[in-house]
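For reference, the chains in residue letters:
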Amino acid sequence: MSWTVEISIKNTSSSKLPCRIKKGQVFENKKVGTGFQNVAAVKDYIFDIPPNTTHKVHIEVLCINQRLAAPQGFLNVTSFAVSKNFSSQDELWNIMNTINQ
Amino acid sequence: MEHDHIYFDEILNNYRLIFNWHQENGLATINRMMERESSPDNIERYRRELEMPKPEQATLEEMFRVANTVVAGMLEWNYGEKAGDLMLGEIARQMMRLYDHFKKPENNSDEEFRYFERAENVYKEEWLNNEKYIGGRIALIDTNWEAQKLSDNDNLLFREPEELNLSRLHEEDEETNLFYMASNEEIIITNITVKQ
Chain A
0 MSWTVEISIK NTSSSKLPCR IKKGQVFENK KVGTGFQNVA AVKDYIFDIP
50 PNTTHKVHIE VLCINQRLAA PQGFLNVTSF AVSKNFSSQD ELWNIMNTIN
100 Q
Chain B
0 MEHDHIYFDE ILNNYRLIFN WHQENGLATI NRMMERESSP DNIERYRREL
50 EMPKPEQATL EEMFRVANTV VAGMLEWNYG EKAGDLMLGE IARQMMRLYD
100 HFKKPENNSD EEFRYFERAE NVYKEEWLNN EKYIGGRIAL IDTNWEAQKL
150 SDNDNLLFRE PEELNLSRLH EEDEETNLFY MASNEEIIIT NITVKQ
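For the protein sequence lines, the chains are A and B, in the order given. In this text, residue positions in the first sequence follow numbering that gives the first Met the number 0: the first is 0, and each later residue adds one. In this text, residue positions in the second sequence follow numbering that gives the first Met the number 0: the first is 0, and each later residue adds one.
If you're looking for bench data, these hints aren't it; they were derived computationally from the structure. Fair warning: there could be bad hints in the mix.
With a straight-line Cα cutoff of 30 Å, these simulated BS3-like cross-link-like pairs (lysine-lysine) come out [said to hold, decoys possible]: (1) B:Lys81 / A:Lys55; (2) A:Lys42 / A:Lys22; (3) A:Lys55 / B:Lys148; (4) A:Lys22 / B:Lys123; (5) A:Lys42 / B:Lys81; (6) A:Lys22 / B:Lys81; (7) B:Lys81 / B:Lys194; (8) A:Lys15 / B:Lys81; (9) A:Lys42 / A:Lys55; (10) A:Lys22 / A:Lys55; (11) B:Lys131 / A:Lys55; (12) B:Lys81 / A:Lys83; (13) B:Lys123 / A:Lys9; (14) A:Lys42 / A:Lys83.
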């Protein structure tokens, strides 16, 4: 089952800004211990944010923490991406359940 | 917690929709109940529910109680009525989901509390700025905690992102990346939510 992350982005400049969200980009809960899964983008997204507006984008995501509950609530965009390629929820969970020594 | 106000504000916005709807339609609901020969006791109980606190005075617990009453109580009469795009029942359920944010930490075990306390210190250099909607620390902590539960090692290990199949974005390669644009304040993220 996939989920959708809705992001509202404000561009206060007078020119459009190109923006990218790479496949595997991780979005996280805003606090520890919520018990909800964090999520990762299922593909690359490239879009422009028009000048002087608040622009909404919708990103399809999959869950990365199999043992936690379904994602919900507010998120942060993180400085991390999933480091390996994946094409399904099971494949992503398998990757995340493997520890690299 | 520093970001609790975000959840509180969202609950309050939803509560305001329910409050305003009943202010405008409460009397019509009582008339409808009378037409359907609802008992005087029920009508009186509904009338008392209409005295719900004003949004600017309501506590979190009072808003949660009203949401509960919309889902399964005297205010359920109007569960399917719409306030804006959503039914009152959907709004109330959304409030209850958001309220979980305030309850959830009480469900953490002692073991989890100890882990989270240490992990927040170990990973304190990682990004976490809830006002800007940017982070990294929480995903790293949650994913490491999962790895800890999967391993046979009883000692707490705080792994590097690479061990957990997480790679860092590199600013030089990612100058148009959403995370860096937000951290560099080229853009302002005003909300990120996840939905099914």
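Hint check results:
1. Only pairs whose Cα atoms come within 30 Å are accepted, and B:Lys81 paired with A:Lys55 is accepted, the gap being roughly 24 Å.
2. Only pairs whose Cα atoms come within 30 Å are accepted, and A:Lys42 paired with A:Lys22 is accepted, the gap being roughly 4 Å.
3. For the proposed pair A:Lys55 and B:Lys148, the alpha carbon gap of about 37 Å is over 30 Å, so the pair is violated.
4. Between A:Lys22 and B:Lys123 the CA atoms are separated by roughly 26 Å; this keeps the pair inside 30 Å, and the hint holds.
5. Between A:Lys42 and B:Lys81, the direct Cα distance comes to roughly 36 Å. Violation of the 30 Å bound is thereby established for this hinted pair.
6. The hinted pair formed by A:Lys22 and B:Lys81 fails the criterion: a straight-line CA distance of about 38 Å is larger than 30 Å.
7. Taking the CA atoms of B:Lys81 and B:Lys194, the gap is near 20 Å; set against the 30 Å cutoff, the hint holds.
8. Between the alpha carbons of A:Lys15 and B:Lys81 the distance comes to roughly 37 Å, so the proposed pair goes past 30 Å and is violated.
9. Of the pairs offered as hints, the one joining A:Lys42 and A:Lys55 holds, with about 17 Å between alpha carbons and a cut-off of 30 Å not exceeded.
10. Distance hint between A:Lys22 and A:Lys55 is fulfilled; the C-alpha atoms sit about 18 Å from each other, no more than 30 Å.
11. A C-alpha spacing of about 16 Å is found between B:Lys131 and A:Lys55, which places the hinted pair at or below 30 Å, so the restraint holds.
12. Proposed proximity of B:Lys81 and A:Lys83 is contradicted: the alpha carbons are some 45 Å apart, above 30 Å.
13. Taking the CA atoms of B:Lys123 and A:Lys9, the gap is near 28 Å; set against the 30 Å cutoff, the hint holds.
14. This hinted pair checks out: A:Lys42 and A:Lys83 have alpha carbons roughly 13 Å apart, not beyond 30 Å.
Checked against the numbered hints given earlier, this structure breaks hints 3, 5, 6, 8 and 12; the rest are met.
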